[in-house]
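Asks: Given next are the chains, with one letter for each unit.
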Amino acid sequence: MAHFITSPAPHAHSGDSVRRNMLLVILALMPAYVVSVMEFGWGALITAAISVCACVLTEWVISRFLLKEQKQTIGDLSAVLTGLLLAFNLPSGIDWWIVLIGAVVAIGVGKMTFGGLGQNPFNPALVGRVFLLISFPAQMTTWPVAKGFETAYLDAETGATPLYYLKHIMKSGDTSFVDQLPALKDAFFGVMGGSLGEVSAAALILGGLILICCRVITWHIPVSIIATVALFSWIATPAGMEPQTFVGYELLTGGLMLGAFFMATDYVTSPMSAWGKIIFGIGIGFIMMVIRTWGNYPEGMSFAILIMNACVPLLNKIRPQRFGEKRK
Amino acid sequence: MKTFNIGGVHPHDNKQFSAHQPITECPLPKQAIIPLVQHIGAPAQAVVKEGDKVKVGELLAKAGGFVSANICSPVSGTVTKIGDWTDAWGAPGQAVYIDVQGDEWLPEIDRTPDLIRSCTLEPKAIIDKISAAGIVGLGGACFPTHVKLMPPPGKKAEVLIVNGVECEPYLTCDHQLMLEHGEEIIIGIEILKRALGVDRAIIGIENNKKDAIEHMEKLAHTKLGISVQPLKLKYPQGGEKQLIDACIGRQVPSGALPIEVGAVVDNVATIYAVYEAVQKNKPLISRVMTVTGKQVAKPGNYMVRFGTPVDEVIALAGGVPAGTGKIIGGGPMMGRAMDHTEGMPANKRLSGLLFLPEAESIRPEEDNCIRCGKCVQACPMGLEPYLLQRLSELEMWDECEKHDVMDCIDCGCCVFTCPAHRRLLDGIRPAKAKVGAILRERAAAQAAEKK
Chain E
1 MAHFITSPAP HAHSGDSVRR NMLLVILALM PAYVVSVMEF GWGALITAAI SVCACVLTEW
61 VISRFLLKEQ KQTIGDLSAV LTGLLLAFNL PSGIDWWIVL IGAVVAIGVG KMTFGGLGQN
121 PFNPALVGRV FLLISFPAQM TTWPVAKGFE TAYLDAETGA TPLYYLKHIM KSGDTSFVDQ
181 LPALKDAFFG VMGGSLGEVS AAALILGGLI LICCRVITWH IPVSIIATVA LFSWIATPAG
241 MEPQTFVGYE LLTGGLMLGA FFMATDYVTS PMSAWGKIIF GIGIGFIMMV IRTWGNYPEG
301 MSFAILIMNA CVPLLNKIRP QRFGEKRK
Chain S
1 MKTFNIGGVH PHDNKQFSAH QPITECPLPK QAIIPLVQHI GAPAQAVVKE GDKVKVGELL
61 AKAGGFVSAN ICSPVSGTVT KIGDWTDAWG APGQAVYIDV QGDEWLPEID RTPDLIRSCT
121 LEPKAIIDKI SAAGIVGLGG ACFPTHVKLM PPPGKKAEVL IVNGVECEPY LTCDHQLMLE
181 HGEEIIIGIE ILKRALGVDR AIIGIENNKK DAIEHMEKLA HTKLGISVQP LKLKYPQGGE
241 KQLIDACIGR QVPSGALPIE VGAVVDNVAT IYAVYEAVQK NKPLISRVMT VTGKQVAKPG
301 NYMVRFGTPV DEVIALAGGV PAGTGKIIGG GPMMGRAMDH TEGMPANKRL SGLLFLPEAE
361 SIRPEEDNCI RCGKCVQACP MGLEPYLLQR LSELEMWDEC EKHDVMDCID CGCCVFTCPA
421 HRRLLDGIRP AKAKVGAILR ERAAAQAAEK K
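Taken in order, these protein sequences are the chains called E and S. Our numbering applies: residue 1 is where the first sequence begins, and numbers increase by one. Our numbering applies: residue 1 is where the second sequence begins, and numbers increase by one.
No wet-lab data here; the hints were simulated from the structure. Some hints could be false.
The calculated DSBU-like cross-link candidates involving lysine-lysine, where the alpha carbons are at most 30 Å apart (straight line), are [as the list claims (entries may be wrong)]:
#, chain 1, residue 1, chain 2, residue 2
1, S, 402, E, 317
2, E, 317, S, 432
3, S, 232, S, 156
Computed, partial: chain S to chain E, Cβ under 10 Å [what the hints assert, rightly or not]:
#, residue
4, 7
5, 12
6, 150
7, 324
8, 337
9, 340
We treat Cβ as the ideally placed atom computed from N, Cα and C, and that holds for glycine.
Use the sequences and the hints to build the structure in full.
Replies: Structure (structure tokens):
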């Protein structure tokens with residue numbers, strides 16, 4: 001009697017995989033990365049290369065020698081993505097060994113301690129970034145000036161970011177700094193100082209739209225973050241500035257777009273249900289604006305995401321709308 | 001174009017292999033094996049004994065309870081054995097074995113192809129005929145049809161929803177039936193409208209069967225109260241609750257039956273059987289089966305008498321293709337993979353046979369859950385499959401109940417969509433069984449307390 005393979009239904013699969021999702025996010029980051037390389041030159045290339053290699057290596061070493069796992073997980077590309085995102089959150093001219101420390105902390109502390117992919121409560125790249133921000137505040141806030149492809153890596157010209165000026169305007173009410181801000185158009189396309197991958201809102205939005213169209217992420221988190229920030233900054237516009245200009249700068253500068261489309265939407269550390277995602281996004285937007293407005297740091301995206309990451313188990317208590325619950 | 005509101009997935013429909021293949025009569029077997037469980041509910045009780053001569057249409061086994069169904073003989077010949085039988089999945093049961101002799105039918109059965117349009121029977125008489133004919137839902141669930149036609153006291157049907165969706169990939173039997181026997185289906189709908197006392201019937205058909213939509217629209221055009229509702233392609237639209245939502249925008253509440261929102265749903269194949277039973281006195285003794293797969297030599301739609309060994313149906317389609325890994329009874333989303341085909345007969349439950357090549361038969365290894373929430377997005381019942389599977393693993397049955405595990409309709413959307421290839425249903429199914437048992441125990445205890 002011929003026997004055939006049996007297994008419970010369903011016998012069909014969408015063809016989706018962890019690797020495909022990670023790969024799509026990496027590809028969606030490429031437009032922003034191209035802008036970075038054009039703005040910051042070698043610094044962008046070297047920092048990202050060190051970060052990605054160090055993240056992958058850290059994951060491999062920990063799972064091979066510490067956990068003694070049979071199955072290696074670096075093939076799922078999640079470590080590559082973490083490395084790339086970490087690099088996107090660093091100034092392009094930062095010392096190589098700082099990148100290395102960031103990568104080891106991101107993967108080692110942020111991800112593998114909890115049991116690897118899917119188990120970590122906090123976004124690993126942000127764990128690495130915030131660790132560096134607290135440990136090396138000077139180096140982490142020395143921003144190379146964007147001035148076209150730069151061949152120097154460490155000795156590039158540096159300057160303040162637009163958020164620094166915005167903070168100053170908000171605190172002192174001195175609107176003379178408005179002249180120091182880049183034109184909104186430049187802020188949109190990324191001709192300004194800032195972390196390696198965060199400068200070009202245009203490229204990041206393009207990447208985000210790719211992810212939404214490929215159904216890798218949903219609109220809920222980015223839209224709720226952006227809407228909250230827009231509303232908050234409209235209300236909190238300092239005297240002497242047009243609200244739409246101020247809202248424009250708050251949206252287009254700093255880590256907002258990178259965070260909204262790529263960091264906050266990290267599967268593992270964001271809520272499951274649509275309403276959970278919306279509240280998560282509102283929380284991030286709100287906390288970030290509180291830090292930007294009243295905090296000591298000019299930028300609060302990383303902290304906002306990490307704080308909301310901690311709320312995810314709670315937000316996952318929000319049930320999706322059950323069939324038959326509301327309408328009859 | 002309408003569709004249901006929550007979740008759903010888009011598997012490739014793969015209907016091209018057997019679509020538009022005319023329904024072909026499958027030859028009679030030498031021996032017929034007729035299982036006594038071909039429906040949901042109590043097994044039927046055999047009323048024949050060894051050595052009895054039976055004709056086609058004669059009662060072999062009568063319904064074993066309110067929710068049960070008669071089984072009539074699909075062949076003529078001699079009953080040789082009534083005894084133990086095991087299905088292709090290893091489940092034990094009873095079956096009637098008949099040595100086939102000739103093809104002699106009961107005289108009251110009208111075997112002419114003439115259409116009989118008028119039906120003046122009282123609702124009660126129609127339901128009795130349907131019950132006597134042993135008709136069950138041929139869409140997959142095999143719920144006895146006459147039970148659906150008798151709403152509990154206080155409930156009133158308002159609309160008959162006709163399921164022509166056939167959302168399972170690969171299967172084309174309902175599609176072909178609508179194309180070839182559309183008129184009979186329309187008459188069947190009028191009979192059911194009469195039996196239920198409703199003045200409205202909606203035929204739901206998915207948009208990948210445009211010719212069936214056009215054909216049925218043309219036929220329904222002159223009939224008062226029958227309309228065709230084209231539906232956007234989305235699985236599991238053929239699920240009863242999803243189809244009601246898609247057609248009339250009402251959601252059946254958790255744990256309730258469609259009659260709660262005034263709907264009764266019947267599949268087109270079931271309605272064709274109703275036509276034959278009421279107008280032609282022909283009980284349910286055969287059905288259309290799709291035999292298909294990427295490597296099947298002659299995929300097609302076959303009219304098969306129940307009891308015919310599936311091996312004979314497979315032979316008609318050119319035999320088991322080389323490199324077959326799985327043979328699935330039904331479609332790829334909810335069908336069951338057979339261990340073997342020997343001794344397995346065609347029956348009311350089997351809507352098709354699907355052959356999957358080896359490469360598509362082995363489930364890939366599971367990865368860690370990446371908490372992407374795609375299962376939550378895909379679930380058409382608005383459940384959280386990732387959570388239910390985890391709770392089931394931890395045997396937290398009360399939590400499973402609180403998270404509405406009993407609402408799961410087994411459609412497989414969550415597993416289909418999971419990028420980490422998590423076998424979510426492998427955990428959710430046992431949880432449903434366990435919670436179901438707990439609920440029954442609780443109900444029994446409460447009933448005892450009242451006494």
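Asks: Under the criterion that the straight-line Cα-Cα distance not exceed 30 Å, is the pair residue 402 of chain S, residue 317 of chain E satisfied?
Replies: Measuring from Cα to Cα gives roughly 12 Å; hence the hint holds.
Asks: Does the interface hint hold: is residue 324 of chain S within less than 10 Å of chain E, judged Cβ to Cβ?
Replies: OK, holds: residue 324 of chain S within 10 Å of chain E, min 7 Å.
Asks: For the pair supplied as a hint, residue 317 of chain E and residue 432 of chain S, is the alpha-carbon distance within the 30 Å limit?
Replies: Cα-Cα ~21 Å, so holds.
Asks: Against chain E, run the beta carbon of residue 337 of chain S and see if the smallest gap drops under 10 Å.
Replies: Holds. Min distance 4 Å.
Asks: Verify the interface restraint on residue 7 of chain S: the C-beta must sit less than 10 Å from at least one C-beta of chain E.
Replies: holds, 8 Å
Asks: Going by Cβ atoms only, is residue 340 of chain S closer than 10 Å to chain E?
Replies: Nearest chain E Cβ about 5 Å off; hint holds.
Asks: Given a cut of 10 Å on the nearest C-beta pair, is the interface hint for residue 12 of chain S held or broken against chain E?
Replies: holds, 8 Å
Asks: Can you verify the interface hint for residue 150 of chain S: is its Cβ closer than 10 Å to any Cβ in chain E?
Replies: violated, 23 Å
Asks: Check the hint pairing residue 232 of chain S with residue 156 of chain S against an upper bound of 30 Å on the C-alpha distance.
Replies: holds, 29 Å
Of the numbered hints listed earlier, the single one contradicted by the structure is hint 6.
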